[in-house]
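Number of protein chains: 2
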Amino acid sequence: MNDVFLRACAGRKTDYKPVWLMRQAGRYLPEYQKVRSKVDFLTLCKTPELAAEVTMQPVDILNVDVAILFSDILIPVEPMGMRLEFSENRGPIFHNPVRTAADIQALRAIDSPTDVPYVLEAIRLLKQSLKVPLIGFSGAPFTLATYMIEGGSSRNFIHTKRMMYQAPDQFHALMKLVSSVVTEYLLAQIRAGVDTVQIFDSWVGALSPHDFEQYALPYVQEIIRAVRQAERKVPIIYFAFNSSGMMDQVKKAGADIYGLDWRIDIAKAVDQLDRKYVVQGNFDPCALFGTRETIHAEVQRILEGARYAPNHIFNLGHGILPETPVDNAKAMVDAVHEISLRAL
Amino acid sequence: MNDVFLRACAGRKTDYKPVWLMRQAGRYLPEYQKVRSKVDFLTLCKTPELAAEVTMQPVDILNVDVAILFSDILIPVEPMGMRLEFSENRGPIFHNPVRTAADIQALRAIDSPTDVPYVLEAIRLLKQSLKVPLIGFSGAPFTLATYMIEGGSSRNFIHTKRMMYQAPDQFHALMKLVSSVVTEYLLAQIRAGVDTVQIFDSWVGALSPHDFEQYALPYVQEIIRAVRQAERKVPIIYFAFNSSGMMDQVKKAGADIYGLDWRIDIAKAVDQLDRKYVVQGNFDPCALFGTRETIHAEVQRILEGARYAPNHIFNLGHGILPETPVDNAKAMVDAVHEISLRAL
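Protein chains in written order, with this note's numbering: chain A, 1 to 344; chain B, 1 to 344.
No wet-lab data here; the hints were simulated from the structure.
Among the hints, a few may not be true.
All copies of an identical chain are treated as equivalent in the list; a pair is satisfied when it fits inside any one copy or across any two copies.
With a straight-line Cα cutoff of 27 angstroms, these simulated DSSO-like cross-link-like pairs (lysine-lysine) come out [as the list claims (entries may be wrong)]:
no.: 1; residue 1: K251; residue 2: K268
no.: 2; residue 1: K330; residue 2: K34
no.: 3; residue 1: K13; residue 2: K276
no.: 4; residue 1: K34; residue 2: K276
no.: 5; residue 1: K268; residue 2: K131
no.: 6; residue 1: K330; residue 2: K233
no.: 7; residue 1: K252; residue 2: K268
Looking at chain A on its own, in the form it has when it is part of the complex (with noise of 0.2 angstroms):
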């Protein structure tokens, strides 16, 4: 097996950076969409045969380091008892939005085993194939509670953060809820053979530096150190998206791997984690709207930027946009590989 992502992930040295693409198999790939125009998003999250299928589309086609599992946050969130639904048109819809103290009551935890046993499955079926490891995932809680406040995506987080101020205990019950879900979530996970975890804090960036350590922060750190405990150890990668301006908070996240937007300087980044870790990303995923020329420059300048972290796993620093043309893609995998391996 390919094991440069994982001697990455460990901080050893690699003889060449590791790459991978934030939402690799997805809209942007006609394979992707071949697979899609037969079902739904939610059935293709819950077939393990597709969903290993599109998650190893992206290894062949751009010659990524390591595959993700396709699925979606919201996955182990639907049998907590939200009623979901992926529009076309509006994206992720929870129509029974959590706002009181029985909307939280009414909810329970999950086992994965038998709420989400299809995702179990695509990893076993993953690992049986795949020759490059396997991140799995979960949103963090505070991503995840957003999504079941406002009831889908939100501009602002109103509903969220007017729960936050006005009725903090009811916030924080849901936190701890949903933490000891995404918990319970990741072991099985690990469990069923994932190499590696990412915890996606997409929104917490909507929160300032003094609020995401009370309201946000605590319950990552839970979760990490809960997933330390797992019988197999594996690295995790936290990536709080939107958060350049809070780096010492999240720092103290307790993760192995820091994931960084396209918003900082990266080597701005690894002096702000105090060059301890690893880092993961910082190309801005409209840069791949260029040239051979200039995708080429901005992955040397990215290369170079990371060089006093332990290691640095070149990725996009959100996920990769449907109109993303894919041999703009795949010159930035192959400009990953050909410029870290000259330079090292």
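On the provided structure of chain A, position chain B as indicated by the hints.
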């Protein structure tokens, strides 16, 4: 005239901290809604008496220390040759987005006295009756260019970045033209009587720090240099929204005062600005959905955090949201005045 705002802008000591709210004249106020119910948004912007009326509303209602001209950042862009519409659902729309060299060629510079006389007339009216200083403003070139290129608001700014990377000469030609418009527009506002100008870079946070320095910062610097040549010297505020990870770059703009959103600890921001610059902002607009107690505590926390800045103009970190309870906005203003008066 209440001069606490202008004293603070100059970095001088004040008896209490001045405070205003971005978008303080707006949809959250019933008094504004009443005026707005009679005319559409663009007509309101273009009718000096009405623009002046809504500009003054929050001064009395909220007791803020400064007024900001009611207008929109796209007002000076329309006469450049852009067909502007404000859609109730979709926000601002330019029906002829700028995508090609020919599109840019077709644009023209503006002459504020002939192209946007209503803006200057509103300023003159306001200066006759306001008992607080008046802020004039403009969008920054990058932010204005995104609207022109995308044809309206955008989530990922793909068209903008595609032009940046694939046709940099074209992008820079557009930025140069927009910068000349912004400069002329701000100088005209200063001649008409505004006491301070603020440059809003609402979307510059979409850029990496490296791209910010390449594609946006030089134009802001150029504008600020030119505005400093005005016969009447006024303080210059630069507000780069969502740029907490790149304060090192932002502070090169050359402004007197830097706006801060809520995604950075204000004490840290003050340090990153070398304790040299007056800061403005930092209160999460969503914190206005809390209780009187949580609002009071948050005001206190932010005021204390800013203590090593030459001075601090209290403000939200982004525009006040239409759903905001007016009483909570008042509670914030009162808390700023009371706490800062006691603490000094």
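Evaluated hints:
{"no.": "1", "hint": "K251 - K268", "result": "both (14 angstroms within a copy, 16 angstroms between copies)"}
{"no.": "2", "hint": "K330 - K34", "result": "within (20 angstroms within a copy, 55 angstroms between copies)"}
{"no.": "3", "hint": "K13 - K276", "result": "within (14 angstroms within a copy, 42 angstroms between copies)"}
{"no.": "4", "hint": "K34 - K276", "result": "neither (43 angstroms within a copy, 57 angstroms between copies)"}
{"no.": "5", "hint": "K268 - K131", "result": "neither (34 angstroms within a copy, 45 angstroms between copies)"}
{"no.": "6", "hint": "K330 - K233", "result": "neither (32 angstroms within a copy, 53 angstroms between copies)"}
{"no.": "7", "hint": "K252 - K268", "result": "both (17 angstroms within a copy, 17 angstroms between copies)"}
Hint compliance for this structure: hints 4, 5 and 6 are broken, all remaining hints hold.
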